[in-house]
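There are 2 protein chains.
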Amino acid sequence: MSDTGSLDALIQALRRLPGVGVKSAQRMAFHLLQHDRGGAEQLSQALARACEQVRHCERCHTFTEGAVCDACLDPARDATRLCVVETPADQSAMERTAAFRGLYFVLMGRLSPLDGVGPRDIGVQKLLERACDGVVQEVILATSFTAEGEATAHAIAEALKRRGIHVTRLARGVPVGSELEYVDLGTIAHALADRR
Amino acid sequence: MSDTGSLDALIQALRRLPGVGVKSAQRMAFHLLQHDRGGAEQLSQALARACEQVRHCERCHTFTEGAVCDACLDPARDATRLCVVETPADQSAMERTAAFRGLYFVLMGRLSPLDGVGPRDIGVQKLLERACDGVVQEVILATSFTAEGEATAHAIAEALKRRGIHVTRLARGVPVGSELEYVDLGTIAHALADRR
Ligand SMILES: [Zn+2]
Ligand SMILES: [Zn+2]
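Chains as they are written, first to last, in the working numbering: chain G, 1 to 196; chain C, 1 to 196.
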């Protein structure tokens with residue numbers, strides 16, 4: 001339909017969202033134009049504004065609108081502990097525990113040789129400089145407990161240890177609230193080995 | 001994080017898309033800002049442009065950028081047959097069969113009393129006027145074969161028949177390529193009753 005160029009363009013643009021195929025993109029475009037034009041305009045403006053405003057913190061690499069993020073600027077935080085996470089979402093999860101009052105470094109990814117994501121793409125050099133500022137005494141690796149997250153943690157740990165930095169890793173173990181019967185065997189084995 | 005207002009606003013705006021929860025919205029925002037700012041800007045512009053340009057065809061109610069859509073303006077089409085579908089996506093599916101050369105009326109929805117969608121919301125009055133233009137000889141109901149689609153077809157058929165319009169419905173039957181063993185019993189029963 002040649003008279004629906006801007007509708008077709010919208011469907012194509014929606015397909016660039018992760019996890020959105022052609023059917024979902026059609027359904028989204030239809031919903032917005034038929035039932036929620038206010039939502040479409042809001043999303044258009046939010047996208048433009050975020051592209052304009054959001055950049056990376058100079059110290060921890062997370063998303064921020066200033067040069068340095070609020071967490072890095074907070075004098076109440078313990079600057080001797082640096083927690084390394086993969087994404088801002090992981091950082092939020094850690095914050096919600098209220099169990100950590102140190103600072104963060106956000107990799108914005110993880111090593112993934114198959115996808116061509118190497119140490120440079122996740123800012124490892126920047127992390128090394130950050131961790132060697134003379135204030136940081138412990139780097140806590142909180143990357144995912146997946147193959148890629150473990151490989152990332154391992155590579156960073158090796159590099160930091162060569163520079164004499166004390167490195168720790170989140171404990172592996174049985175999730176709180178789990179019945180042992182339903183926990184996978186690898187997790188149980190780790191929980192046994194790391195018993196305390 | 002108070003320094004990420006425009007990121008939070010983007011996540012909220014993405015949640016207005018159908019089928020997108022808070023986790024998906026976070027993942028989409030993260031992906032766009034980290035890996036595809038070009039895509040974010042493209043989507044922003046496509047949304048704004050579609051909101052500005054896309055409206056409903058005066059004759060068939062589908063999405064178009066002119067007053068009347070290309071299909072309704074096409075003199076090669078058979079104006080004596082009018083096919084009633086629920087959405088532009090259904091209309092596209094019908095077009096791809098290349099088996100129909102008549103005109104369309106797009107309801108942009110279906111009757112759904114539980115969701116408060118009544119005859120007025122799907123333009124039934126407009127359809128009745130359209131079908132009684134003196135040219136249309138047959139109205140083919142191609143709404144979904146779901147409870148709501150069937151109720152919609154039934155309500156429209158009754159109204160059209162009262163006005164003396166000849167109404168037909170797409171045949172129900174066994175899908176092409178199906179093995180009978182795997183077809184649901186209701187479909188087989190209908191295929192038997194409608195055998196030819
Ligand atoms: Zn920071
Ligand atoms: Zn039309």
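Simulated from the structure, these hints should not be mistaken for laboratory data.
Be aware that one or more of the hints could be misleading.
Repeated chains share a single entry, so a pair holds when one copy, or any two copies, can fit it.
Claimed, not checked - Here are the simulated EDC-like cross-link-like pairs (lysine to aspartate or glutamate), alpha carbons at most 20 Å apart as the crow flies: (1) K23 - E95; (2) K161 - E52; (3) K23 - E181; (4) K161 - E58; (5) K126 - D8; (6) K23 - D184; (7) K161 - E179; (8) K161 - D115; (9) K161 - D184; (10) K23 - D90.
These are the hints, each one checked on the structure:
no., hint, in the structure
1, K23 - E95, "between (37 Å within a copy, 17 Å between copies)"
2, K161 - E52, "neither (38 Å within a copy, 58 Å between copies)"
3, K23 - E181, "neither (40 Å within a copy, 29 Å between copies)"
4, K161 - E58, "neither (24 Å within a copy, 71 Å between copies)"
5, K126 - D8, "neither (42 Å within a copy, 26 Å between copies)"
6, K23 - D184, "neither (36 Å within a copy, 25 Å between copies)"
7, K161 - E179, "neither (37 Å within a copy, 63 Å between copies)"
8, K161 - D115, "neither (27 Å within a copy, 61 Å between copies)"
9, K161 - D184, "neither (31 Å within a copy, 64 Å between copies)"
10, K23 - D90, "between (30 Å within a copy, 12 Å between copies)"
Consistency with the previously given hints fails for numbers 2, 3, 4, 5, 6, 7, 8, 9, ordered from lowest to highest.
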